[in-house]
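**Q** Here is what each chain is made of, one letter per residue.
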Amino acid sequence: MKTPDAVRKQNRAALALMLAALLLVGVFMSLPAYRFSAGVYTLKSANTFVGDEKYQQALEEVNAVAEEYREKGFDVSLEESVTERTNSKGEKTSLVAFTLNNSFTKNGWSFLGAGLNSSWVLLAMLLCLLLALACALAGSVSTVSEPYKALDGRAAAFRSAACWLLLAALLLLPVFFMMNTYTLSRRVLLYTGGVLTGGKEAFFAQLDAFLFGGIAGEEINGALKGLRFSAGAAMWLCLPCIFAMLLAAIQLRHGSVAHSLLRGMLYAFVIVLCLFILYPYYVMLVTAFRSSAETNDMYFLHVFPTEWKFSNLRDIISRGVPRYLLNSFLIAGGATLIALLCGIPAAYAMARMKFKGKKLFLGFVIMSQMFSPVVLLIGISQLMSALHLNDSILGLMLINAAFNQAFAIWLLRGTFVSISPEMEQAARIDGCTTMGSLLHILLPMAAPGIVTTLIFVFINSWNEYTISTVLISTAANRPITVGITQFSSFNMIEWQYLFAASLLATVPVVILFMCIEKHLTSGLTSGGVKG
Amino acid sequence: MNRTLEKKIEPYIWLLPSLILMAVFVVFPILIVFKLSFSEVSKSGLVGGFIGFKNFADAISLPAFKTVMLNTLYWVVSVVGLSTILGFVIAMVLNQKFRGRKIARAIVVFPWATSLVIQASVWNYIIKYEYGNLNNILLNLGIIKQAVNWRMSYQLEFIWECGVGIFVTIPFVTFCVLSGLQAIDNSLYEAAEIDGASFWNRLWHITIPLVKPSLTVSTVLNIIYVFNSFPIIYTMTKGAPSNKTDTLVTYLYMLNFYDRQKGPATALSVIGFLVLCLCAGIYMLGVMRKEDNG
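Respectively, the protein sequence lines represent chains U and C.
Each step along the first sequence adds one to the number in numbering that gives the first Met the number 0, with nothing skipped, and position 39 is 38.
Each step along the second sequence adds one to the number in numbering that gives the first Met the number 0, with nothing skipped, and position 161 is 160.
Careful, some of the hints might be misleading.
[Said to hold, decoys possible] Per label pair, the in silico range of CB-to-CB distance:
id: 1; chain 1: C; residue 1: Y128; chain 2: U; residue 2: A232; range: 29 to 35 Å
id: 2; chain 1: C; residue 1: Y128; chain 2: U; residue 2: N62; range: 37 to 43 Å
id: 3; chain 1: C; residue 1: C276; chain 2: U; residue 2: W163; range: 57 to 63 Å
[Unchecked claim] Chain U stretches covered by chain C per the calculated footprint, using a threshold of three residues with CB under 8 Å from any CB of chain C:
id: 4; stretch: 35-43
id: 5; stretch: 47-60
id: 6; stretch: 144-155
id: 7; stretch: 376-389
id: 8; stretch: 451-462
id: 9; stretch: 505-517
[Unchecked claim] Subject to a maximum C-alpha distance of 20 Å in a straight line, what follows is the list of computed PhoX-like cross-link-like pairs (lysine-lysine):
id: 10; chain 1: U; residue 1: K91; chain 2: U; residue 2: K53
id: 11; chain 1: U; residue 1: K355; chain 2: C; residue 2: K7
id: 12; chain 1: U; residue 1: K105; chain 2: U; residue 2: K1
id: 13; chain 1: C; residue 1: K65; chain 2: C; residue 2: K211
id: 14; chain 1: C; residue 1: K243; chain 2: U; residue 2: K357
id: 15; chain 1: C; residue 1: K144; chain 2: U; residue 2: K224
id: 16; chain 1: C; residue 1: K101; chain 2: U; residue 2: K517
id: 17; chain 1: C; residue 1: K42; chain 2: C; residue 2: K53
id: 18; chain 1: C; residue 1: K96; chain 2: U; residue 2: K517
id: 19; chain 1: U; residue 1: K148; chain 2: U; residue 2: K1
id: 20; chain 1: C; residue 1: K34; chain 2: C; residue 2: K144
id: 21; chain 1: C; residue 1: K65; chain 2: C; residue 2: K53
id: 22; chain 1: U; residue 1: K8; chain 2: U; residue 2: K199
id: 23; chain 1: U; residue 1: K43; chain 2: U; residue 2: K224
id: 24; chain 1: U; residue 1: K224; chain 2: U; residue 2: K71
id: 25; chain 1: U; residue 1: K353; chain 2: C; residue 2: K243
id: 26; chain 1: C; residue 1: K7; chain 2: U; residue 2: K358
id: 27; chain 1: U; residue 1: K357; chain 2: C; residue 2: K53
id: 28; chain 1: C; residue 1: K6; chain 2: U; residue 2: K355
id: 29; chain 1: C; residue 1: K6; chain 2: U; residue 2: K358
id: 30; chain 1: C; residue 1: K65; chain 2: C; residue 2: K34
id: 31; chain 1: U; residue 1: K199; chain 2: U; residue 2: K224
id: 32; chain 1: U; residue 1: K8; chain 2: U; residue 2: K43
id: 33; chain 1: U; residue 1: K43; chain 2: U; residue 2: K53
id: 34; chain 1: C; residue 1: K65; chain 2: U; residue 2: K353
In case anyone wonders, no lab produced these hints; they're calculated from the structure.
Note that the structure is a prediction, hence the values are computed from the model and not measured.
The beta carbon of each residue, even a glycine, is placed where N, CA and C say it ideally should be.
Required output: the full structure, derived from the provided sequences and hints.
**A** What follows is the structure in structure tokens.
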């Protein structure tokens with residue numbers, strides 16, 4: 000237990016650190032670290048050598064333009080680059096390019112009144128910092144030497160608020176920089192290439208006011224061409240300061256930072272992981288509802304489609320997708336039914352009866368679990384054509400059922416073993432047949448395990464692709480996994496249709512899978528192995 | 000009929016449907032593949048007489064054989080190895096108590112439930128150079144200044160394929176390990192903490208030994224699944240350029256159904272099958288021994 004004196008000392012140090020870090024942020028904000036540069040004018044002169052008549056002419060021309068800009072108040076500088084090379088006749092040629100650059104720096108404060116989107120983020124961040132300091136002070140004014148665990152509610156709430164505000168500030172800072180890069184480099188680049196109308200004009204007027212004090216006026220389009228923004232240094236200076244403030248605030252709240260840091264890392268890890276896993280699904284979702292032009296547009300800027308094209312769904316419906324979904328449903332449903340009809344009796348015998356060759360059968364089951372049908376593709380396609388089952392939905396049902404048989408028996412046996420046989424024995428004494436006790440007593444009790452198995456086999460069969468591509472040649476018999484490949488031909492892939500169909504094929508099974516997620520793991524490892 | 004005889008054959012009747020199903024659709028194809036691999040097979044698939052090991056010799060002398068075998072090795076080792084490590088770490092994290100754990104677990108299961116073709120198509124789009132979503136997002140965030148060609152060379156493409164393989168394999172490992180972790184008695188950790196064991200000590204002496212059985216199951220099953228994985232490579236590169244990104248299964252598919260070299264293709268099938276048998280055998284020995292013990 001720390002003495003009140005030590006606690007007071009520690010808290011004062013934390014508060015002092017916060018204040019110092021905040022002042023440092025203020026200092027870094029005043030640094031002219033935000034650099035903008037744009038090439039306002041370019042002149043290329045071919046067959047020109049440095050110093051010759053043509054060069055002088057071009058230089059005069061450029062200087063005249065530069066003078067015009069300077070008169071208007073721009074601060075332009077001249078840059079020249081010379082490219083020399085030998086042409087096919089062996090003569091030396093040279094190209095001189097003159098560029099008028101308009102580059103300038105600003106400090107962080109100048110963003111505050113600019114009215115840009117990023118300005119509001121910066122403002123929010125600064126407010127968070129100030130409020131955090133205020134909260135930290137308010138939370139420790141009269142309780143500066145109280146032990147951390149016995150803080151009264153108000154002080155604890157204030158100190159916690161400081162932590163959360165600083166966390167928010169820490170996240171807002173990179174957002175501010177990313178928004179600047181986005182607007183100042185990407186959006187301007189696009190807008191200057193296009194026609195200015197409505198909202199774009201307003202955006203440009205704002206930029207003009209911010210960057211040039213309004214002097215660019217009509218020529219803003221030219222003045223912003225190729226605008227580049229860089230301010231990495233400013234961010235890397237401010238981030239550690241805010242982080243130090245956060246640590247100080249945590250220290251103020253809990254008396255130590257290690258635990259909170261670990262928790263923070265845990266949450267950060269989980270959030271990043273989830274975002275990463277969801278990323279392809281996000282891509283699938285938004286691409287499914289984009290127009291064909293947007294899916295192929297490299298400079299497409301938006302996180303979501305500009306216009307949600309639900310007509311994509313209509314288009315794929317007219318291209319056979321409902322049929323494929325139905326086929327998939329029939330194949331997966333049929334396979335599940337067959338797998339369970341054959342699997343339940345087998346699993347029952349394995350769980351409840353003693354017989355010779357039980358171990359052999361178990362070995363066979365485990366072995367057959369190992370063979371994915373892919374290696375046996377050639378054999379399967381031969382067998383199916385011999386049975387006249389190639390290119391038929393029934394054939395796919397049987398194959399899927401057979402290759403999921405091992406897993407079904409595996410999971411079901413585990414479930415049956417975990418249920419005590421006493422009830423069945425009692426029923427048997429009362430004159431119930433084996434079949435009757437299975438149907439009326441065991442199966443209802445094993446329902447959760449059976450549902451898990453059912454869904455698992457269903458999903459496996461629904462997602463199966465390889466065998467179907469080989470066996471199915473008629474378009475009308477394709478399952479959805481094969482059906483979606485029609486949208487990607489050699490010369491062109493219709494991404495929006497591909498993903499719209501994928502979405503329809505994915506959503507139901509992902510939901511089903513989430514339902515059995517809890518049961519599946521226990522079944523997977525303990526069902527067969529522990530038995 | 001004799002009651003004892005009835006009692007004796009009853010279990011086999013219960014097994015019969017399952018046995019028939021597996022015999023016809025699993026064992027029979029195996030036999031067919033074996034038979035074909037020792038027979039002369041014409042381009043159109045007509046089966047001729049017995050020719051010994053000629054198909055195997057042909058398969059081994061195929062120009063791409065070595066590349067494909069090495070690729071298969073890289074593919075299996077990198078995907079299984081990395082996804083096991085990552086899956087283990089993720090399982091450890093998801094086993095902690097924190098807010099939103101249920102949601103996180105449900106999200107982690109997503110890639111497992113999605114068809115591989117669909118996953119591969121999405122990633123195919125994401126890493127496109129001209130209009131891929133990854134470039135788009137990174138450009139928008141200002142992290143890169145110019146579009147990056149993520150698939151500049153076939154080595155890079157193969158690495159991406161391995162990446163997608165890892166992405167879809169992680170959930171299975173995670174959930175196998177999680178089920179093992181949940182079975183560990185918490186008092187063990189408490190006792191270790193009282194004894195002053197560090198995090199690494201606890202990991203090494205309590206967690207890993209107790210999770211080992213589930214880790215073994217997931218690793219062996221993964222070796223088999225990954226070895227057999229076809230859609231990712233088939234969708235993303237189709238083995239191009241010139242089989243440099245093929246693994247055994249995609250190669251034998253192309254060989255059999257496109258190049259019409261059916262003889263060597265069946266020989267490769269048998270080779271793949273034997274490799275799987277080896278894995279399955281090792282796994283089965285392990286399981287059987289456990290059955291005896293338990």
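**Q** Next step is simple, just say for each hint if it's right about the structure.
**A** Structure-based check of each hint:
1. Restraint check, Y128/C to A232/U: a C-beta distance of roughly 31 Å satisfies the suggested window 29 to 35 Å.
2. Between Y128/C and N62/U, the C-beta spacing of about 41 Å keeps the proposed range 37 to 43 Å intact.
3. Look at C276/C against W163/U: about 58 Å separates their beta carbons, and that is inside 57 to 63 Å.
4. Coverage of the stretch 35-43 of chain U by chain C is violated [criterion: at least 3 residues with CB-CB distance below 8 Å; count 0].
5. Judged by the Cβ-Cβ criterion of 8 Å, the stretch 47-60 of chain U is not covered by chain C as claimed, because only 0 of its residues qualify and three are needed.
6. Check on the stretch 144-155 of chain U: 0 of its residues sit with their Cβ under 8 Å from a Cβ of chain C, so the three-residue criterion for coverage is violated.
7. Only residues whose beta carbon comes within less than 8 Å of a beta carbon in chain C count, and the stretch 376-389 of chain U has 6; three or more means the coverage holds.
8. Chain C is given as covering the stretch 451-462 of chain U, and this holds because 3 residues of the stretch bring a CB closer than 8 Å to a CB of that chain, at least three being needed.
9. For the stretch 505-517 of chain U, the stated coverage by chain C holds: 7 residues have a C-beta nearer than 8 Å to a C-beta of that chain, and at least 3 were required.
10. For the proposed pair K91/U and K53/U, the alpha carbon gap of about 16 Å is at most 20 Å, so the pair holds.
11. For the proposed pair K355/U and K7/C, the alpha carbon gap of about 9 Å is at most 20 Å, so the pair holds.
12. The hinted pair formed by K105/U and K1/U fails the criterion: a straight-line CA distance of about 48 Å is larger than 20 Å.
13. Restraint check for K65/C and K211/C: the C-alpha separation of about 34 Å exceeds 20 Å, so the hint is violated.
14. Our distance criterion of 20 Å between C-alpha atoms is broken by K243/C and K357/U, whose separation comes to about 45 Å.
15. Of the supplied pair hints, the one linking K144/C and K224/U holds, its CA atoms being roughly 16 Å apart against a limit of 20 Å.
16. Taken as a hint, the K101/C and K517/U pair is honoured in the structure, with Cα atoms around 10 Å apart against an allowance of 20 Å.
17. Pair hint K42/C plus K53/C holds up; C-alpha atoms about 15 Å apart against a cutoff of 20 Å.
18. Taking the CA atoms of K96/C and K517/U, the gap is near 16 Å; set against the 20 Å cutoff, the hint holds.
19. At roughly 11 Å between alpha-carbon atoms, K148/U and K1/U fall within 20 Å of each other, so this suggested pair holds.
20. Distance restraint check for K34/C and K144/C: the Cα-Cα separation of roughly 58 Å exceeds the 20 Å cut-off, and the hinted pair is therefore not satisfied.
21. Under the criterion of a C-alpha separation no larger than 20 Å, the hint pairing K65/C with K53/C is consistent with the structure, at around 18 Å.
22. Our distance criterion of 20 Å between C-alpha atoms is broken by K8/U and K199/U, whose separation comes to about 55 Å.
23. Taking the CA atoms of K43/U and K224/U, the gap is near 17 Å; set against the 20 Å cutoff, the hint holds.
24. Pair hint K224/U plus K71/U holds up; C-alpha atoms about 17 Å apart against a cutoff of 20 Å.
25. At most 20 Å may separate the alpha-carbon atoms for a hinted pair to count; K353/U and K243/C exceed this at roughly 52 Å.
26. A hinted pair counts as satisfied when its Cα atoms are at most 20 Å apart, and K7/C with K358/U qualifies at roughly 16 Å.
27. Simply put, K357/U and K53/C have alpha-carbon atoms about 39 Å apart, too far for the 20 Å limit, and the pair is violated.
28. Distance hint between K6/C and K355/U is fulfilled; the C-alpha atoms sit about 12 Å from each other, no more than 20 Å.
29. Note on K6/C and K358/U: the hinted pairing holds, with a Cα-Cα distance of about 19 Å set against a maximum of 20 Å.
30. Our distance criterion of 20 Å between C-alpha atoms is broken by K65/C and K34/C, whose separation comes to about 25 Å.
31. Between K199/U and K224/U the CA atoms are separated by roughly 14 Å; this keeps the pair inside 20 Å, and the hint holds.
32. Pair hint K8/U plus K43/U does not hold up; C-alpha atoms about 68 Å apart against a cutoff of 20 Å.
33. Using a Cα cut-off of 20 Å, the hinted pair K43/U and K53/U holds, with the two alpha carbons roughly 11 Å apart.
34. Between the alpha carbons of K65/C and K353/U the distance comes to roughly 49 Å, so the proposed pair goes past 20 Å and is violated.
The structure does not agree with the numbered hints 4, 5, 6, 12, 13, 14, 20, 22, 25, 27, 30, 32, 34 stated previously, though it agrees with the rest.
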